[in-house]
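Protein chains: 2
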Amino acid sequence: MKMNINTIKHPTLLIDKEKVIRNIAFMTDKAKKHKLILRPHFKTHQSAEIGNWFRDFGIEQITVSSVSMAQYFTKNAWKDITIAFPLNIRELEDISELAKQVKLNVLISSEATAKYFSENINNSVSYFIKIDAGYGRAGVKAENFTEITKIVQICSRNKNIGFKGFLAHFGNTYHAKNKEEVLKIYQMSKKRLISLKSHFVKDFPNLILSIGDTPSSTLSTDFKGIDEIRPGNFVFYDLMQHFIGACTLDKIAVALACPVTDIYPERSELLIYGGAVHLSKEYILDKQGNKIFGQIVTLNKNSWQITDKPMYISNISQEHGIVSVHHDFLKSVKTGDLIGVLPVHSCLTADLMRQNGGFLIV
Amino acid sequence: MKMNINTIKHPTLLIDKEKVIRNIAFMTDKAKKHKLILRPHFKTHQSAEIGNWFRDFGIEQITVSSVSMAQYFTKNAWKDITIAFPLNIRELEDISELAKQVKLNVLISSEATAKYFSENINNSVSYFIKIDAGYGRAGVKAENFTEITKIVQICSRNKNIGFKGFLAHFGNTYHAKNKEEVLKIYQMSKKRLISLKSHFVKDFPNLILSIGDTPSSTLSTDFKGIDEIRPGNFVFYDLMQHFIGACTLDKIAVALACPVTDIYPERSELLIYGGAVHLSKEYILDKQGNKIFGQIVTLNKNSWQITDKPMYISNISQEHGIVSVHHDFLKSVKTGDLIGVLPVHSCLTADLMRQNGGFLIV
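Protein chains in written order, with our numbering: chain H, 1 to 362; chain C, 1 to 362.
These are computed hints drawn from the structure, not numbers from a lab. Be aware that a few hints might be false.
Unchecked claim - Dumping the calculated DSS-like pairs for lysine-lysine here, alpha-carbon to alpha-carbon at most 30 Å: (1) C:Lys334 to H:Lys150; (2) H:Lys35 to H:Lys224; (3) C:Lys291 to H:Lys179; (4) H:Lys334 to C:Lys100; (5) C:Lys334 to H:Lys115; (6) H:Lys103 to C:Lys9; (7) C:Lys9 to H:Lys115; (8) C:Lys9 to H:Lys150; (9) C:Lys115 to H:Lys301; (10) C:Lys334 to H:Lys100; (11) C:Lys291 to H:Lys141; (12) H:Lys202 to H:Lys159; (13) H:Lys9 to C:Lys159; (14) H:Lys159 to C:Lys115; (15) H:Lys291 to C:Lys179; (16) H:Lys291 to C:Lys177; (17) C:Lys331 to H:Lys115; (18) H:Lys287 to H:Lys19; (19) H:Lys334 to C:Lys150; (20) C:Lys287 to H:Lys291; (21) H:Lys79 to C:Lys33.
To be verified - For each label pair, taking beta carbons as the anchor points, the in silico distance ranges come out as: (22) C:Ser332 to H:Asn6: 54 to 60 Å; (23) C:Asn160 to H:Lys331: 30 to 36 Å; (24) H:Phe145 to C:Arg354: 42 to 48 Å; (25) H:Ser195 to C:Glu18: 35 to 41 Å; (26) H:Thr7 to C:Arg354: 23 to 29 Å; (27) C:Arg354 to H:Ala25: 33 to 39 Å; (28) C:Ile361 to H:Ala25: 44 to 50 Å; (29) H:Lys17 to C:Asp286: 33 to 39 Å; (30) H:Ser156 to C:Ser324: 33 to 39 Å; (31) C:Ile361 to H:Ser156: 40 to 46 Å; (32) H:Ala25 to C:Ile21: 31 to 37 Å; (33) C:Glu18 to H:Asn302: 29 to 35 Å; (34) C:Glu181 to H:Ala77: 53 to 59 Å; (35) C:Gly289 to H:Ala25: 23 to 29 Å.
We treat Cβ as the ideally placed atom computed from N, Cα and C, and that holds for glycine.
Please work from the sequences and hints to get the whole structure.
Structure follows, in structure tokens:
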């Protein structure tokens, strides 16, 4: 839909297709070069249309973070899906139903879940064991061979179930402050996974290691021992990835177009229609410890530009954003103008904007 | 819909109708006692069904925060609506269209907007001047009589436009740490509005003062000079209101039911299916400076209970919540159980759950 940006009336998420395609091309090239399976995480866009752009790059395997997302992409003809969230046994019937239609992988992360899964699944499903490689959020600790062995034994009782390997998410890279910190976390986490693999590979020669975060997948050049990557955010990137050092600002492929509804010259601020229900309340801290809820870009008919001096959303409420602006910008802006906002966390912004205003592909 | 809570499969927002009705009754009684117009803000629930519960209390005038919300409630037979957001001139055609169907009030907060409004509106609309009574987010400063006079003059050029009065939101009460701080902010802000009213009331004897935040509306007992209140959050309340001192925990009328997907005894934590796309990333800080993303309640067949010792969500990502639990609770919980979460900010949680899982009225 080639709509003129200037006709936008309320907050609308602009998606720059060229940038998205470049981001997909970058990651598929990288996966090819390092002989990795690329199983992109579709929770970032949750869109059938954007999903289709991946098909042109030969992508057939995808990752999602919920059963409902798996159902949505199954309806949109995806046939090989990993639900990268520790199995929720309350949804086992829905999972079993899905498994009739697609090649499905789930995550097991405890004996209790393994037991329920093994006793109740009637259709063919593969599973990864979810490994905590140092992040400390979810999964079995990478050193806990005893627990892992028990899970494999329990699951082996049901012939419908296949053991696929170990899956981890190095989510601690999101707290890194630069490229070096990302790579340090990556190498430490990878080391744990490789030890684990080498212990179990004797009995399970086909097991694979699947990892996933966008910072590592983007920045690392050493994937030795890794079989699959599942980054999601890279399709859009965002301000957080920029602050981590995982992307330049020009790679961010989404911007929220927001009407300027008021101008406060005395405090060098604008009020925009665009708030927490559009961008989320995710923030990053600048060097002075001030919260940043998004970075301003200027809009033209069908694209956006980075400003010479950065300007940020400094405060946000349900529908309002407060933008701190420079003197020159203040002089040029009028009530009723549109400005763009590069979101802090594009996954959350896209999730909100699917419902609260919609996407506009430019 | 009287569904058994225990059949829930994925994050679902439980709405305790009895508590909601009690909260509505409290606020309508209070408004009656103080001879105030109650024009509740419907952005908190955004639900036609919950909106209808207000009708039994004689409510006919409502507040919304966007044109799309005004359109939604117009379709649901509401006839008197204030759009409490500084006029977005890009939506003026939609506003004009709405004004044919309902009694509509909008907010004007600058000469620029007043000019556009006055020159372009063809149907009957009233306006409030949006006043900044100390919060510092949006509106004309209460002391700026010159600007206010100019706005009134500009708007008076168009006979379709009626001047209704002054509207303010004391949003700084949300940053208060106790009842005393709320009341101090309230009194200071109210004083500014009363001075303003007394200056303009000679020329506009029917002008009204409209204020709105839930902490002030709940805690104040002195509404002298105020004509209308527009609280919204009180319908559900939430953990933030509890921390401010505006409600007890038993008045919070919503809880997110979440499946427990993993248990980590070694770190006394649970992993729940329930994250930022359900609760939002809004947080409050405890006395030690730790972030709290929600408080745990236990669920039974059709309700929830506050636990003896409080337990909180300490970390949240897109779909995951990490809950820190006490030893006793840890012993009693199993994978696949459901627990409840009192949200930090019910407006944002309800906005997300309209789409990402749905409401369940219990």
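Results of checking the hints against the structure:
no.: 1; hint: C:Lys334 to H:Lys150; verdict: 18 Å, holds
no.: 2; hint: H:Lys35 to H:Lys224; verdict: 10 Å, holds
no.: 3; hint: C:Lys291 to H:Lys179; verdict: 27 Å, holds
no.: 4; hint: H:Lys334 to C:Lys100; verdict: 29 Å, holds
no.: 5; hint: C:Lys334 to H:Lys115; verdict: 13 Å, holds
no.: 6; hint: H:Lys103 to C:Lys9; verdict: 22 Å, holds
no.: 7; hint: C:Lys9 to H:Lys115; verdict: 19 Å, holds
no.: 8; hint: C:Lys9 to H:Lys150; verdict: 27 Å, holds
no.: 9; hint: C:Lys115 to H:Lys301; verdict: 26 Å, holds
no.: 10; hint: C:Lys334 to H:Lys100; verdict: 29 Å, holds
no.: 11; hint: C:Lys291 to H:Lys141; verdict: 25 Å, holds
no.: 12; hint: H:Lys202 to H:Lys159; verdict: 21 Å, holds
no.: 13; hint: H:Lys9 to C:Lys159; verdict: 26 Å, holds
no.: 14; hint: H:Lys159 to C:Lys115; verdict: 74 Å, violated
no.: 15; hint: H:Lys291 to C:Lys179; verdict: 27 Å, holds
no.: 16; hint: H:Lys291 to C:Lys177; verdict: 20 Å, holds
no.: 17; hint: C:Lys331 to H:Lys115; verdict: 19 Å, holds
no.: 18; hint: H:Lys287 to H:Lys19; verdict: 28 Å, holds
no.: 19; hint: H:Lys334 to C:Lys150; verdict: 18 Å, holds
no.: 20; hint: C:Lys287 to H:Lys291; verdict: 21 Å, holds
no.: 21; hint: H:Lys79 to C:Lys33; verdict: 63 Å, violated
no.: 22; hint: C:Ser332 to H:Asn6: 54 to 60 Å; verdict: 59 Å, holds
no.: 23; hint: C:Asn160 to H:Lys331: 30 to 36 Å; verdict: 33 Å, holds
no.: 24; hint: H:Phe145 to C:Arg354: 42 to 48 Å; verdict: 45 Å, holds
no.: 25; hint: H:Ser195 to C:Glu18: 35 to 41 Å; verdict: 55 Å, violated
no.: 26; hint: H:Thr7 to C:Arg354: 23 to 29 Å; verdict: 27 Å, holds
no.: 27; hint: C:Arg354 to H:Ala25: 33 to 39 Å; verdict: 36 Å, holds
no.: 28; hint: C:Ile361 to H:Ala25: 44 to 50 Å; verdict: 48 Å, holds
no.: 29; hint: H:Lys17 to C:Asp286: 33 to 39 Å; verdict: 44 Å, violated
no.: 30; hint: H:Ser156 to C:Ser324: 33 to 39 Å; verdict: 34 Å, holds
no.: 31; hint: C:Ile361 to H:Ser156: 40 to 46 Å; verdict: 44 Å, holds
no.: 32; hint: H:Ala25 to C:Ile21: 31 to 37 Å; verdict: 56 Å, violated
no.: 33; hint: C:Glu18 to H:Asn302: 29 to 35 Å; verdict: 52 Å, violated
no.: 34; hint: C:Glu181 to H:Ala77: 53 to 59 Å; verdict: 56 Å, holds
no.: 35; hint: C:Gly289 to H:Ala25: 23 to 29 Å; verdict: 44 Å, violated
The structure fails hints 14, 21, 25, 29, 32, 33 and 35 (numbered hints given earlier, in ascending order).
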